[in-house]
Amino acid sequence: DTGVSQDPRHKITKRGQNVTFRCDPISEHNRLYWYRQTLGQGPEFLTYFQNEAQLEKSRLLSDRFSAERPKGSFSTLEIQRTEQGDSAMYLCASSLVGLAGRTQYFGPGTRLTVL
Amino acid sequence: AQSVTQLDSQVPVFEEAPVELRCNYSSSVSVYLFWYVQYPNQGLQLLLKYLSGSTLVESINGFEAEFNKSQTSFHLRKPSVHISDTAEYFCAVSERTSGTYKYIFGTGTRLKVLA
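The listed protein sequences derive, respectively, from chains Y and C.
No gaps in the numbering here: position 18 of the first sequence is 18 in the numbering used here, and each next residue is one more.
No gaps in the numbering here: position 6 of the second sequence is 6 in the numbering used here, and each next residue is one more.
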């Protein structure tokens, strides 16, 4: 069990640029979640996948955000035309289904700084 | 709508003293409950969870939490803290009827253990 991994760990970009983050879940987990955590706050749900299907998106996920999980394994989160308000820690988590799936396992996060 | 309240944003405590971190939630349906710990610049690590059964749950490193349905609380306690317990602690809930399994987090409590 290698755990959830995220890449990159840190990203600094200029306002208006596009960025993409990657998440590799625990291998047998078919659910994958993205959360956003701003300074001094708890994580907030953005979206989740079951296998390759994106089943729910939060209202926090504006049109500039898109997430994919093309083969039901790794996932990418892209932010287009970044804004300073996008600066945050982006956390990925994965889980099984059923009662065991109620427990989510988190990756180390990608910290985004938009200048 | 679901919400989680962690009233104490910071809790300073001397080493070997007991500590309680408070968590209250609001939900119209039954919930699952979780405590996660976050060390600086890291992701979230599961500390303990209540899914069913005994309302008192324990972690391997001496923390415990008790689910109190009538008070809608899930307070975290440790009888004797160590310097290494210094971290931020997040309480989270997940609705039992939710197909998403998404978490709603509190704003976190920063525990600082003093020598």
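Do not take every clue at face value.
Below 30 Å or equal to it, Euclidean Cα-Cα: the simulated DSBU-like pairs (lysine-lysine) are [to be verified]: (1) C/Lys112 with Y/Lys11; (2) Y/Lys11 with Y/Lys71; (3) Y/Lys71 with Y/Lys57; (4) C/Lys69 with C/Lys112; (5) C/Lys49 with Y/Lys57; (6) C/Lys69 with C/Lys49.
Negatives, chain Y to chain C, calculated, CB over 10 Å [claimed, not checked]: (7) Val4; (8) Arg15; (9) Thr20; (10) Glu44; (11) Asp63; (12) Phe65; (13) Gln84; (14) Ala88; (15) Leu91; (16) Arg102; (17) Arg111.
Rather than coming from a laboratory, the hints here were simulated on the basis of the structure.
Source: prediction; values computed, not measured.
Built from N, CA and C at the ideal position, the CB exists for glycine as well.
Subject >> Status of Y/Asp63, Cβ more than 10 Å from any chain C Cβ >> reply: Correct as stated: the minimum Cβ-Cβ distance to chain C is 21 Å, above 10 Å.
Subject >> Non-interface label on Y/Ala88, tested against every C-beta of chain C at 10 Å >> reply: 13 Å, holds
Original post:
Do the alpha carbons of C/Lys49 and Y/Lys57 lie within 30 Å of each other, as the hint requires?
Top reply: Given that 30 Å is the threshold and the Cα spacing comes to 25 Å, the pair holds.
Subject >> Proposed proximity, Y/Lys57 with Y/Lys71 (alpha carbon, max 30 Å) >> reply: 19 Å, holds
**OP:** Check the non-interface label on Y/Arg111: least C-beta distance to chain C beyond 10 Å or not.
**Re:** Given a closest Cβ separation of 7 Å, the condition is violated.
**OP:** Would you mind confirming whether the straight-line C-alpha gap from C/Lys69 to C/Lys112 stays at or under 30 Å?
**Re:** 29 Å, holds
**OP:** Report holds if the minimum CB distance from Y/Val4 to chain C is greater than 10 Å, and violated otherwise.
**Re:** 8 Å, violated
Subject >> Y/Leu91 remote from chain C - nearest C-beta pair above 10 Å >> reply: For Y/Leu91, whose nearest Cβ neighbour in chain C is about 6 Å away, the distance does not exceed 10 Å, so it is violated.
**OP:** Verify the proposed pairing of C/Lys112 with Y/Lys11, using a straight-line Cα cut of 30 Å.
**Re:** Holds: C/Lys112 and Y/Lys11 sit about 29 Å apart, inside 30 Å.
Subject >> Status of the stated non-contact between Y/Arg15 and chain C (beta carbon gap over 10 Å) >> reply: 23 Å, holds
Subject >> Pairwise hint evaluation, C/Lys49 against C/Lys69, where the allowed Cα distance is 30 Å at most >> reply: Distance of about 15 Å is within 30 Å: holds.
Original post:
Holds or violated: are the alpha carbons of Y/Lys11 and Y/Lys71 at most 30 Å from each other?
Top reply: This hinted pair holds, its Cα atoms lying about 25 Å apart.
Checked against the numbered hints listed earlier, the structure breaks hints 7, 10, 15, 16 and 17; every other hint is satisfied.
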